[in-house]
Amino acid sequence: MSNNSKTNTGNYFEDFRVGQEFRHATPRTLTEADAALNIGLYGSRFALNSSDVFARALGLPRAPLDDMMIFHVVIGKTVPDISLNAVANLGYAEFRWGVPVYPGDTLAARSTVLGLRENSNRSSGVVWVRSTGTNQRGDMVLDYVRWVMVHKRNPAAAVGEPVVPKTAAAVAPSDLIMPDVSMMGYDDEAAGSLYRWDDYEVGERIDHVSGYTVEDSDHMFSTRLYQNTARVHFDAHAGKNTRFGRRLAYGGHVISLARALSFNGLANGFRVAAINGGSHVAPTFGGDTIYAWSEVLEKAALPGRDDIGALRVRTIAAKDCPCDSFPGKGPDGKYHRAVVLDLDYWLLMPRR
Amino acid sequence: MSNNSKTNTGNYFEDFRVGQEFRHATPRTLTEADAALNIGLYGSRFALNSSDVFARALGLPRAPLDDMMIFHVVIGKTVPDISLNAVANLGYAEFRWGVPVYPGDTLAARSTVLGLRENSNRSSGVVWVRSTGTNQRGDMVLDYVRWVMVHKRNPAAAVGEPVVPKTAAAVAPSDLIMPDVSMMGYDDEAAGSLYRWDDYEVGERIDHVSGYTVEDSDHMFSTRLYQNTARVHFDAHAGKNTRFGRRLAYGGHVISLARALSFNGLANGFRVAAINGGSHVAPTFGGDTIYAWSEVLEKAALPGRDDIGALRVRTIAAKDCPCDSFPGKGPDGKYHRAVVLDLDYWLLMPRR
Amino acid sequence: MSNNSKTNTGNYFEDFRVGQEFRHATPRTLTEADAALNIGLYGSRFALNSSDVFARALGLPRAPLDDMMIFHVVIGKTVPDISLNAVANLGYAEFRWGVPVYPGDTLAARSTVLGLRENSNRSSGVVWVRSTGTNQRGDMVLDYVRWVMVHKRNPAAAVGEPVVPKTAAAVAPSDLIMPDVSMMGYDDEAAGSLYRWDDYEVGERIDHVSGYTVEDSDHMFSTRLYQNTARVHFDAHAGKNTRFGRRLAYGGHVISLARALSFNGLANGFRVAAINGGSHVAPTFGGDTIYAWSEVLEKAALPGRDDIGALRVRTIAAKDCPCDSFPGKGPDGKYHRAVVLDLDYWLLMPRR
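Chains as they are written, first to last, in our numbering: chain C, 1049 to 1400; chain L, 1049 to 1400; chain A, 1049 to 1400.
Hints in this document: simulated from the structure, not taken from any laboratory. Since the model is a prediction, treat every value here as computed from it, not as a measurement. One should not assume that every hint holds.
It does not matter which identical chain is meant; a pair holds if it fits inside one copy or across any two.
[Unchecked claim] Below, a list of computed lysine to any residue pairs in the SDA-like style, where the Cα atoms sit at most 20 Å apart:
{"#": "1", "residue 1": "Lys1214", "residue 2": "Asn1167"}
{"#": "2", "residue 1": "Lys1382", "residue 2": "Ala1206"}
{"#": "3", "residue 1": "Lys1377", "residue 2": "Gly1208"}
{"#": "4", "residue 1": "Lys1288", "residue 2": "Ala1386"}
{"#": "5", "residue 1": "Lys1288", "residue 2": "Phe1333"}
My request is simple: use the sequences and hints to build the entire structure.
Right under this line is the structure:
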């Protein structure tokens, strides 16, 4: 009598092959409920995702779903195949959103292995994958390269020669995908800010002021909602025997809180178009309060659009530490002890 | 390089002017998800808000959203402009619901400053505003006068002569706005009670029996869902340095719990039509259990309607104290130590 | 002045009569939000309930709502009339799902008393009811016999002769109700498993590996969402004076977690068609982590269907105890101390 033969225990480093393709399980129809939960879980206030009236004034059929939520859904689907046995999430590159996602759309995700490199201790290795989320018409909604360190099942297992893919250091502004929107009907007052792209300066720093306390119940709900099976986030019993001795909040929960907090200062950043890079600097636990601040890294005009500009923003989230002193990375390359997230991304914003 | 210039830190007392108008940010499309969350967060069982079949039997297109939820959405939108720097919420008047709100409707809110009066210590003052919530057609869904005590940024700042608006002590029954419903198809059994307007007596007291325990995760979800930015409700880190040493539950969370509990005894009170006055007598914290009881204050027939009557009800919520002993306000004008809410409102109920 | 006369305090054993019928209050329109909350609360990953595209490939109009959620809604409605004064939930029989439930359907519930038997101590008795959930067209969505032990209000009250109904020991495969689906378009990869009915063997045991930690906030949300008024689940103040000294998680919350966990090993079990029997072996509290494993008890071909088979499965959930050692019932008839749920049910699964 076989036991466990039907249980998925995830892939280990030696199970991956360069060029291998995965079609991930459980397509997901997103609905108005996901839009409401995105507000209830993170307190997001961006008008485009909150109001059908606001969205229609931009020429969209209705309010699209929050960009970060699309990321959560897509990455959640990849976990059982790619990162169930991950040691750590190492990085992202070439991370772009495609067509907007609306209630009723069904998302599916697939991944291709781009590279593999065993670690010198032979107990793990780095896996590079390109993951793509698509809607029910096959349109790309999100596409990115991610690399994770994954355990080997058997350290002695032989593996192939290292293949390390080249990825772009940042997404070029000309590669950003523009949603099909018009800024003619953009309502700054409804959006909550009179500051447009023109009003931001490179180097400008913005304290987002408020902080959101994360309860275990909250971040576990996120993880389950995105059907993310990374056990470290929702198993307190097993968590006792980890190096942290407890559950870790899903990193995406912190990203969405930081995005929601950034409304206060970046309210017209209506679309996250790309992520250039990011790091979960330290874990977040139930009971921690997340604050955030942002710095404008770069401003880019967009080819053929005089109504929308791109703002390259770095948002840093810190726990139990208000961000009016802008905690970040010191000259020694070390982060302030409160920092939990450092995210570099492109925002779209209306121009004057 | 300017810091923080784009951050909204809210208005202070000296920033307000009588006659000033605000169009509040972030219009919100409410959906079926908000209806479900209203049930999941508070356990509401009123059939009209729960069942499209029940609603259609009254001539409505489908189940309207919960009345108190409309209040939460509207007041949440006013916070960044009106009460981000509030010391205390002082009162409400002329508080009426207008047209029902259905899934798909988009609500917006605006306010006009009606009055201003500096406190004698000059560190704060009282601001009176009339706030109005409207749907996407501009129909009024909620309209009320609210007064809050707001900090001054600079106690030395000069302010104008006091202007104190007159507000009605209670909403007159003839001013209640009737939803366009027929009681012909009203199904008492589905509604959960055979008691109609005719069966209630002035002075009658009703213990609602059950109690709901509030977790921090629950009330914070409410606050975020309504995009309410009052930090005292969701920042545990900052909460440590307040006089309570912790987060306070959003008062509206307690109102909705009391309304949900009141089902047991007032199940046919299908519509909250107006609030005459109300007071958050004491704060509620995570871990508290909310019980409630009600007293019938007044019964009013409604002009031109022999099928619907208005019941003026006072509902008192108390924490960690079952309400079979009807804890309230003593002859000395002091509340029982368990009381957290005292709300005086008009309910619509079918007549025989 | 009458107090409390309008408050429902539930029926006691002596209030029931054999043949008595109840039409339970608060019909409920289920929506896309309930589908999303089912995922967010329990982490369910079954493709049929998650994706409209997957459902349409089976010939359904869209993704039906989760089967267990239908149970929660129906049983929740019966509580105020049947089990508000229950001592214990004793059993279920002849428990079958009927037509699928879709977003927009309105469910109502009714019950008929089938049997009554006073306990020898005369302080309580067993009540058997048949409860039926229907949609807005009157189609049966769920039908079952349940027996509960209910307090007497007055131990001295005279009651009738005992009537004990006969119920089937298990649901016969030929009595299972088939949803109107075609397996032609069944997508195993999207469903998350290549194992179909043919691949399972009687006696096979499957560890579902993961565990979900339950917070008080989570299980209370479930109870409220299903408008279930069993106070033991959401009143921490009253809970202090119970034999457990605290709130108990709603048993259905644990059932839904076990169902969600069972995805890992039973991913193609797209429909729970019937429950043969089940027992809440021990209470679950906030903070407990639920794991699960299953055993295949029986395989049945279905009359007239060569594309779908029925798998009789027993799923056991245990708290704070990973299930790789398959904790269950010992030869002495006693359960392993970690077991909280033992559920025997029929799953539908595609055949090769």
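Results of checking the hints against the structure:
1. Lys1214 - Asn1167: Answer is within; shortest intra-copy Cα gap is 18 Å, inter-copy 66 Å.
2. Lys1382 - Ala1206: The answer is neither: 36 Å in one copy and 47 Å across copies each exceed 20 Å.
3. Lys1377 - Gly1208: neither (37 Å within a copy, 47 Å between copies)
4. Lys1288 - Ala1386: For lysine 1288 and alanine 1386, the Cα distance is within 20 Å only across copies (18 Å; inside one copy 23 Å).
5. Lys1288 - Phe1333: both (13 Å within a copy, 18 Å between copies)
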